[in-house]
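Peer 1: Given next are the chains, with one letter for each unit.
2 protein chains.
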Amino acid sequence: MESKDELFRLAQERQYQKLMRELDRMHEVDIAEFMDALPFEKAIVVFRLLKKDVSADIFSELSPESQERIIDSITDQELSAITEELYVDDAVDMLEEMPDYVVKRVLGSARPETRKLINQFLNYPEDSAGSIMTAEFISLRRRMTVRQAMERIRQAGLKKENVYTCYVTDAGHVLGGVISFRDLLLAGDDEIIEDIMEEDIIFCYTVDDQEHVANLISKYDFLALPVVDKEQRLVGIVTYDDAIDVIEEETTEDFEKMAAMLPSEKPYLKTGVLELSRNRIVWLLILMVSAFISGKITELNASAIAAVPELVFYLTFLTGTGGNAGSQTATTIIRGMAVNEIDPKRDWVQILWKELRISLIVGAVLAAVTGVRLFLLYGKQPMFCVTVVLTLYLVIILAKSIGCLLPMGAKLCRIDPAMMASPLITTVMDACTLLIYFQIAKQLLSL
Amino acid sequence: MESKDELFRLAQERQYQKLMRELDRMHEVDIAEFMDALPFEKAIVVFRLLKKDVSADIFSELSPESQERIIDSITDQELSAITEELYVDDAVDMLEEMPDYVVKRVLGSARPETRKLINQFLNYPEDSAGSIMTAEFISLRRRMTVRQAMERIRQAGLKKENVYTCYVTDAGHVLGGVISFRDLLLAGDDEIIEDIMEEDIIFCYTVDDQEHVANLISKYDFLALPVVDKEQRLVGIVTYDDAIDVIEEETTEDFEKMAAMLPSEKPYLKTGVLELSRNRIVWLLILMVSAFISGKITELNASAIAAVPELVFYLTFLTGTGGNAGSQTATTIIRGMAVNEIDPKRDWVQILWKELRISLIVGAVLAAVTGVRLFLLYGKQPMFCVTVVLTLYLVIILAKSIGCLLPMGAKLCRIDPAMMASPLITTVMDACTLLIYFQIAKQLLSL
Chain D
201 MESKDELFRL AQERQYQKLM RELDRMHEVD IAEFMDALPF EKAIVVFRLL KKDVSADIFS
261 ELSPESQERI IDSITDQELS AITEELYVDD AVDMLEEMPD YVVKRVLGSA RPETRKLINQ
321 FLNYPEDSAG SIMTAEFISL RRRMTVRQAM ERIRQAGLKK ENVYTCYVTD AGHVLGGVIS
381 FRDLLLAGDD EIIEDIMEED IIFCYTVDDQ EHVANLISKY DFLALPVVDK EQRLVGIVTY
441 DDAIDVIEEE TTEDFEKMAA MLPSEKPYLK TGVLELSRNR IVWLLILMVS AFISGKITEL
501 NASAIAAVPE LVFYLTFLTG TGGNAGSQTA TTIIRGMAVN EIDPKRDWVQ ILWKELRISL
561 IVGAVLAAVT GVRLFLLYGK QPMFCVTVVL TLYLVIILAK SIGCLLPMGA KLCRIDPAMM
621 ASPLITTVMD ACTLLIYFQI AKQLLSL
Chain L
201 MESKDELFRL AQERQYQKLM RELDRMHEVD IAEFMDALPF EKAIVVFRLL KKDVSADIFS
261 ELSPESQERI IDSITDQELS AITEELYVDD AVDMLEEMPD YVVKRVLGSA RPETRKLINQ
321 FLNYPEDSAG SIMTAEFISL RRRMTVRQAM ERIRQAGLKK ENVYTCYVTD AGHVLGGVIS
381 FRDLLLAGDD EIIEDIMEED IIFCYTVDDQ EHVANLISKY DFLALPVVDK EQRLVGIVTY
441 DDAIDVIEEE TTEDFEKMAA MLPSEKPYLK TGVLELSRNR IVWLLILMVS AFISGKITEL
501 NASAIAAVPE LVFYLTFLTG TGGNAGSQTA TTIIRGMAVN EIDPKRDWVQ ILWKELRISL
561 IVGAVLAAVT GVRLFLLYGK QPMFCVTVVL TLYLVIILAK SIGCLLPMGA KLCRIDPAMM
621 ASPLITTVMD ACTLLIYFQI AKQLLSL
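If you read the protein sequences in the order shown, they are chains D and L.
Sequential numbering of the first sequence, starting at 201, is according to my numbering.
Sequential numbering of the second sequence, starting at 201, is according to my numbering.
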C-alpha cells in the first residue's frame with residue numbers, strides 16, 4: 201500500500217493522474233478514509249475522477265460530513281446515478297444522518313421504485329432488523345434446476361457476499377427454503393432445488409431487535425439471516441458484516457450505560473459539547489442526589505464521630521473498597537448476560553452461592569491485610585480496629601451480593617441490566633457502608 | 201423447531217428413533233446445546249446415534265466438559281475418525297481446554313500429517329493470528345483457467361464458508377493474489393486467474409495479535425483474511441466467524457479489566473471460586489492500599505474536621521460524584537480507542553479541550569443544584585456552603601481531565617488503557633478530592 205503522506209503530497213501538487221493510479225490499487229475503505237482526510241476542495245476533485253463502477257462503493261464508506269458536502273456540490277443527474285447504484289441499506293444509513301433538505305433532494309433524484317423502497321426502509325423502527333437489512337439477495341424457485349439457479353445468480357451479478365446464500369420463495373414471496381452456494385456448486389446440474397434445499401430455516405422478523413439478530417448470526421456462524429414480514433414474506437437479509445457493526449454498537453452502548461451516561465448516537469469526536477454534557481448530567485444528578493443520603497447518614501452519626509474522630513479517617517477507604525468490590529461482580533454478571541452465558545432465571549441460585557463464597561475469601565484476605573495495618577497504628581484501640589475490619593468484611597459480602605442481585609433483578613424486570621453497573625452500585629454501597637460502619641461502631645465502642 | 205422439553209421427554213423415555221428424526225431437522229449448534237444439557241449417559245447414546253457426516257460438526261460445538269467425557273468413552277478408532285474430520289482450528293481449540301492425558305490420546309489417534317499440523321497450530325502464541333486461523337482454504341495457481349479453478353473448488357468440497365475466497369499461490373506457497381468466488385462466477389470459463397485476481401492483498405502474519413486481525417476483517421467487511429508466515433507463505437486464513445468470536449472475547453476482557461479484575465480464561469459459570477477470587481483480589485488489594493492514602497489525608501486534617509464537623513457530612517458525597525464524573529470520561533475514551541475512533545496522538549488536544557468545556561457545563565449544573573440545597577440547610581454558614589460547592593466544581597473539572605489523560609497516556613506508553621478505568625480513576629479521585637476539599641476549607645473557613 202502507498203503511504204498516506206505520499207498520497208497527500210500528490211493531491212497537494214495536483215498530480216491527479218498519478219494519484220488516481222495509486223488509488224486504483226487500494227481498497228475502497230482506505231480510499232474513503234483518505235478522502236475524508238483531504239481538504240474538501242481536493243476531495244471533490246478526486247471524487248469526480250473516480251471510476252464510475254467504484255464511486256458509489258467509495259461514497260457509501262465516506263463520513264456523513266463528506267457525503268453531505270459531495271451531495272451539495274454535484275448535479276441532480278450525478279446524484280441520481282449514485283443513489284441508484286447504492287445498496288438500499290447503505291442509502292438509508294446515509295439518509296438517517298442527513299439534514300432534511302438533503303434527504304428531499306436525494307429522494308427526488310431517485311427513480312420511483314427506488315424511492316418507494318428507501319421510504320419503506322426508513323419506516324422500520326430504529327434498531328430493528330428491518331432498519332439494518334439489505335434488499336439485495338438472490339431468490340430462487342422450488343422447481344428450478346441447479347443449472348437454472350446458477351444462471352440466475354450469474355445474471356443477478358450482485359456485489360459483495362450476498363450471492364453466497366440463496367433463498368427459495370413460494371407464491372407471494374413466502375420464504376420456503378434456503379440453500380448455500382456451496383451446496384449448489386457440489387450438486388449435480390440437473391438436481392431440483394426443492395430436493396436439496398434446507399427447509400428448517402432460522403430467520404427473523406423485520407421488527408425484531410437488531411441485537412437479537414446479531415446474536416443469531418454470531419451463534420450459528422451465518423453469512424446472512426433472512427428477514428420476513430408478519431406474513432412470512434421474505435423482504436431482506438441481514439449480512440454478517442452488519443452483525444459485526446451491531447455487536448460493536450451495542451457494546452459501546454453498554455459501556456456508556458455502565459458508566460452512567462445516556463448512549464450517544466454519534467462517535468465521540470463528532471458529538472457536540474452540549475449533547476455530551478446533557479448525556480452525562482442526567483445520571484450524575486440522579487447519583488448526586490442519592491449521595492445526599494450518605495451525607496445524611498453521616499450527619500445522624502455526628503456524635504459518634506465526635507467521640508471517636510478516627511472513625512472519619514476510614515470513611516472513604518471503606519466506601520471505596522465496597523464500591524470496587526461491587527463493581528467487579530456487577531460487571532461480570534452484566535457482561536455474562538449480554539453474551540448469553542448467564543440466564544438469571546436458571547442460574548441465580550448458583551451465582552449467588554458462588555459470589556457468597558468468593559466474598560468470604562476476598563473479604564478474609566482484605567480484612568487480614570487491613571487488620572495488620574490497623575493494629576500496628578492503633579494497637580491501643582483494639583475495638584476501633586475490630587470495627588473497621590469487621591465493617592470491611594461485611595461490606596464486601598454485601599457488595600458482592602448486591603452486585604449480582606441488582607443486575608439479575610433488572611433483567612428479570614425487563615430493565616436494561618447495564619443501568620445497574622458500577623456508578624449505581626457504588627452509590628448504593630456508599631450508603632450501606634456508612635450504615636453498617638456506624639452501627640458496628642455504636643455497638644463495639646459503646647457510643 | 202421442536203421444543204426443548206419435548207426433546208428431553210423423548211430422551212427420557214428412550215424413544216431414540218423419534219428423537220434422532222427430530223434432531224435431524226435441527227442446526228448443529230442447537231443439537232450441541234441440547235446434548236450439553238442432557239445427562240451424560242443419554243448424551244453418549246445420542247452421540248453414537250448421530251449420522252457420521254454431522255457428528256464431527258456437532259462434536260466441535262459441544263462444551264469442553266462434554267467433549268472430554270465423550271473422548272473418555274469412545275474407542276481409539278472412533279476418536280481417530282472424529283479427529284480427522286474436525287477442522288484443525290476446532291481440534292486445536294478443543295485440545296487447549298483438555299487435560300494432558302486426553303491431548304496425548306487425541307494426538308496418538310491422529311494420522312501423522314494431522315498430528316504434525318495440530319502440533320504446529322498448538323505452537324503459535326496465544327491470541328495470535330496463527331492460533332485462531334483455519335488450515336482449510338482453497339489455493340489456485342496463476343495460470344489456471346476459471347474452468348479449472350471451479351473444478352478445483354468442487355473437488356476440494358470444503359465445508360462452511362471457506363470456499364468463497366480463493367488464494368493464488370506461487371512456487372513455495374508464497375501468496376500472490378486473491379479472488380472471490382463471485383468474481384470467478386461472473387468471469388468467462390476460459391479467462392486466466394492471473395488476469396482477474398486482485399494483487400493488492402490485505403493480509404496478516406501468524407504472529408499478529410488476534411484483535412488486530414479481527415479489526416481488519418471488521419473494517420474491510422472481509423469473509424476471510426489470509427495469514428502468511430515471515431517468508432510470505434500462505435499458511436492459513438482467519439474467517440469472519442472467528443473474528444466475531446475474537447471481538448466478543450476481547451470486549452469481555454476489556455469489561456473485566458475496566459472493573460479491576462484479571463481477565464479470566466473461561467466463562468464465569470465454569471470458573472472455580474478460587475480462581476475468581478484470585479482474579480479479583482489482586483486489584484482490590486492494590487486499590488485498597490492506595491485508599492489508605494485518602495485515610496491519611498483525612499487524618500492530617502483532623503483539626504479542620506474538629507473545628508467544622510459539617511465538613512465530614514459531604515466527604516462521600518464529593519468523592520462519589522468525582523469518581524462518577526471521572527468514570528464517564530475514562531469509559532468514553534477507552535472505548536473510543538478500542539474501536540479506533542480515537543487516536544490519542546492525533547486527538548489529545550481536541551479531547552482535552554472538549555472535556556474541559558463539558559466539565560464546565562456539567563460542573564455548573566451540579567454546583568447550582570448542590571448550592572441551592574446547601575444554602576437552604578446551612579444558610580447561616582455561607583462560607584461552608586461555598587467550600588462544598590467550589591470543591592464540587594473543581595473536582596468535576598479535575599475528574600474529567602484525569603479521566604481522559606490517564607487512558608490516553610497509558611495508550612501512548614503501550615499500557616492497556618482498560619487498566620485506567622473507573623476503579624483506578626475513582627481511587628485517584630478520592631485522594632485528589634480530599635486534598636482539594638480540605639485546602640479550600642482551610643482557606644475559606646480560616647482554619
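Some clues are possibly wrong.
What the hints assert, rightly or not - Sample of chain L residues facing chain D (criterion: CB under 10 Å; computed from the structure): (1) Arg480; (2) Pro509; (3) Gln528; (4) Ile561; (5) Ile636; (6) Gln639; (7) Gln643.
To be verified - Derived DSS-like pairs: lysine-lysine, alpha-carbon spacing no greater than 27 Å straight-line: (8) D/Lys466 <-> L/Lys204; (9) L/Lys470 <-> L/Lys554; (10) D/Lys545 <-> L/Lys304; (11) D/Lys204 <-> L/Lys430; (12) L/Lys430 <-> D/Lys466; (13) D/Lys419 <-> L/Lys545; (14) L/Lys580 <-> D/Lys545; (15) L/Lys304 <-> D/Lys242; (16) D/Lys470 <-> L/Lys545; (17) D/Lys204 <-> L/Lys242.
To be verified - Not everything, but these chain D residues come out facing chain L in the computed CB check (under 8 Å): (18) Asp400; (19) Pro467; (20) Phe513; (21) Met619; (22) Ser622.
I should point out that these hints are in silico values taken from the structure, not numbers from a laboratory.
Backbone N, C-alpha and C define an ideal beta-carbon position, used for all residues, glycine too.
Peer 1: The structure should be examined with respect to each hint, and the outcome stated for every one.
Peer 2: Against the structure, the hints:
1. Hint on L/Arg480 holds. Least Cβ distance to chain D is approximately 5 Å, under the 10 Å limit.
2. With its C-beta approaching chain D no nearer than about 6 Å, L/Pro509 sits inside the 10 Å limit, and its interface hint holds.
3. Interface restraint check for L/Gln528: the shortest CB-CB distance to chain D comes to about 5 Å, inside 10 Å, so the restraint holds.
4. Taken as an interface hint, L/Ile561 checks out: its beta carbon lies about 4 Å from the nearest beta carbon of chain D, inside 10 Å.
5. Interface restraint check for L/Ile636: the shortest CB-CB distance to chain D comes to about 13 Å, outside 10 Å, so the restraint is violated.
6. Because the closest C-beta pair between L/Gln639 and chain D is about 16 Å apart, greater than 10 Å, the hint is violated.
7. At its closest, the beta carbon of L/Gln643 sits 21 Å from a beta carbon of chain D; the interface hint therefore is violated under the 10 Å criterion.
8. The straight-line distance between the Cα atoms of D/Lys466 and L/Lys204 is roughly 41 Å, outside the 27 Å bound, and the hint therefore fails.
9. With a C-alpha separation of about 43 Å, the suggested pair L/Lys470 and L/Lys554 falls outside the 27 Å cut-off, and the hint is violated.
10. Distance check on the hinted pair: D/Lys545 and L/Lys304 sit about 39 Å apart at the alpha-carbon level, beyond 27 Å; violated.
11. Of the pairs offered as hints, the one joining D/Lys204 and L/Lys430 holds, with about 25 Å between alpha carbons and a cut-off of 27 Å not exceeded.
12. A threshold of 27 Å between alpha carbons decides the hint, and for L/Lys430 with D/Lys466 the separation of about 40 Å lies outside it, so the pair is violated.
13. For the hint pairing D/Lys419 with L/Lys545, the CA-to-CA distance comes to about 37 Å; that exceeds 27 Å, so the pair is violated.
14. Of the pairs offered as hints, the one joining L/Lys580 and D/Lys545 is violated, with about 54 Å between alpha carbons and a cut-off of 27 Å exceeded.
15. Proximity of L/Lys304 to D/Lys242 is assessed by CA-CA distance (about 63 Å); at most 27 Å being required, the pair is judged violated.
16. For the given pair, D/Lys470 sits about 17 Å from L/Lys545 by alpha-carbon distance, which is consistent with the 27 Å threshold.
17. Only pairs whose Cα atoms come within 27 Å are accepted, and D/Lys204 paired with L/Lys242 is rejected, the gap being roughly 61 Å.
18. Hint status for D/Asp400 relative to chain L: holds, with the closest Cβ pair at about 5 Å, below 8 Å.
19. Annotation: interface hint on D/Pro467 holds; nearest CB of chain L at approximately 5 Å, less than 8 Å.
20. With 8 Å as the threshold, the beta carbon of D/Phe513 comes within range of chain L, its nearest partner Cβ sitting at about 5 Å, so the hint holds.
21. Taken as an interface hint, D/Met619 does not check out: its beta carbon lies about 14 Å from the nearest beta carbon of chain L, beyond 8 Å.
22. Of the supplied interface hints, the one on D/Ser622 holds, with its beta-carbon coming within about 5 Å of a beta-carbon of chain L, less than 8 Å.
Consistency with the previously given hints fails for numbers 5, 6, 7, 8, 9, 10, 12, 13, 14, 15, 17, 21, ordered from lowest to highest.
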